[in-house]
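K.L.:
Sequence:
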Amino acid sequence: MTLLMPTPASPFNIGTRGSPLALAQAHETRARLMAAFDLPEDAFAICVIKVTGDAIQDRPLKEIGGKGLFTREIEEALLDGSIDIAVHSMKDMPVEQPGGLLLDTYLPREDVRDAFVSLNAKGLSDLAEGATVGTSSLRRRSQLLAKRPDLNIVEFRGNVQTRLKKLGDGVAEATFLAMAGLNRLNMTDVPRTAVAPEDMLPAVAQGAIGIERRGDDSRAAEMLEALHDGPTGQRLAAERTFLAHLDGSCETPIGALADLDGGSIRLRGEILRTDGTEVFADDMNGAIEDGAEMGRAMAAKLLAQAGPDFF
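Here the working numbering is used: the first residue of the sequence shown is 1051, the next is one more, and so on.
Some clues are possibly wrong.
Okay, derived cross-link-like pairs now, BS3-like style, lysine-lysine, Cα gap no bigger than 30 Å in a straight line [to be verified]:
1) K1100 <-> K1215
2) K1351 <-> K1197
3) K1197 <-> K1216
4) K1197 <-> K1172
5) K1215 <-> K1197
6) K1215 <-> K1172
7) K1216 <-> K1100
8) K1216 <-> K1172
Per label pair, the in silico range of CB-to-CB distance [what the hints assert, rightly or not]:
9) D1154 <-> D1340: 17 to 23 Å
10) K1172 <-> Q1147: 17 to 23 Å
11) T1324 <-> G1173: 50 to 56 Å
12) D1325 <-> A1244: 36 to 42 Å
Note that these hints are calculated values from the structure, not bench results.
All residues carry an ideal CB built from backbone N, CA and C; glycine is no exception.
Starting from the given sequences, assemble the full structure and let the hints guide the process.
P.N.:
Spelled out as structure tokens, the structure:
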């Protein structure tokens, strides 16, 4: 069957959140589809969908429902046919998708590291005792308190631009952002220092863009097949399986990172108490095809060490 290509009169609809970073990711997806199928820009439409997580900025995520807050309305639009595909930051994605939807396409992964951002300090060790650091991430909060229990950690919601304004206003002396987001936004002027994964293990799937589709949409499936980056998929299979078997959400501090080396995969993972007083970590190596099983095994091992009431 011949693939029915989108046209300016009947465009392929790409759903996304409305933040500058989300739009940059949607534009990257459109550019890759244009190149893969030699199509004009107006054969695609970027459809901005307001999500609850962006609408509510004055409360921590755990108080308003967790990760689904950044995806629910977009997935509803996908299910009702308003859009053809949805572009997501993978670190925002729940490990299970609603019935009828598939998440099986990943673009090449960007820099996985966190960025230490401050107008005055170059790194965590430069901050004075009791300094205020802003973050909305429970993972980062827990990792910071594990290293520097003296720090005052305050809630820091909002997109990249909002958080930078808060730094300028003196709400905090430092914050953390994802290097991937800064790179995708070409924000070379932001004062940042990349943090090695050995010092701060990133969030599961940090730096990766995922594209979701309807399971019965053969056209979307064929078009997205041209974009899928296999190595990113292999890395995320290990990380997201680790997360799934920990029952991870925005209420659980979890870090993980998988790296490939030839035919091998290395998976690092950790779980933390929210106050940073306990950290359980592991490091495994194995064959790439065993990545998901490594994720399951690591989750079971860390949960056994931490005990049933850890989270």
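K.L.:
Under the criterion that the straight-line Cα-Cα distance not exceed 30 Å, is the pair K1215, K1197 satisfied?
P.N.:
Judged against 30 Å, a Cα distance of about 26 Å means the pair holds.
K.L.:
Run the distance test for K1216 versus K1100: straight-line Cα separation, threshold 30 Å.
P.N.:
holds, 23 Å
K.L.:
When you take the CB atoms of D1154 and D1340, is the distance between them in 17 to 23 Å?
P.N.:
Check passed, 19 Å falls within 17 to 23 Å.
K.L.:
If I claimed the Cβ atoms of T1324 and G1173 lie 50 to 56 Å apart, would that claim hold in this structure?
P.N.:
For T1324 and G1173 the Cβ distance comes to about 23 Å; the hint is violated.
K.L.:
Taken at face value, is the distance from the CA of K1216 to the CA of K1197 at most 30 Å?
P.N.:
Satisfied, since the Cα-Cα distance of roughly 24 Å is no more than 30 Å.
K.L.:
With a cut-off of 30 Å on the C-alpha distance, tell me whether K1351 and K1197 pass.
P.N.:
Holds - the C-alpha atoms of K1197 and K1351 are around 23 Å apart, at most 30 Å.
K.L.:
Would you say the C-beta atoms of D1325 and A1244 sit inside 36 to 42 Å of each other?
P.N.:
violated, 26 Å
K.L.:
Need the status of pair K1100, K1215: alpha-carbon distance at most 30 Å?
P.N.:
Distance of about 22 Å is within 30 Å: holds.
K.L.:
Are the Cα positions of K1215 and K1172 separated by 30 Å at most?
P.N.:
Given pair K1215, K1172 holds - Cα atoms ~18 Å apart, limit 30 Å.
K.L.:
If you draw a straight line from the CA of K1197 to the CA of K1172, is it 30 Å or shorter?
P.N.:
Holds, because 16 Å separates the two Cα atoms, which is no more than 30 Å.
K.L.:
Tell me if the beta carbons of K1172 and Q1147 are separated by a distance inside 17 to 23 Å.
P.N.:
violated, 41 Å
K.L.:
CA of K1216 to CA of K1172, is that 30 Å or under?
P.N.:
Holds. K1216 to K1172 sits at ~18 Å (cutoff 30 Å).
Comparing the model with each earlier hint shows violations of hints 10, 11, 12; every other hint is respected.
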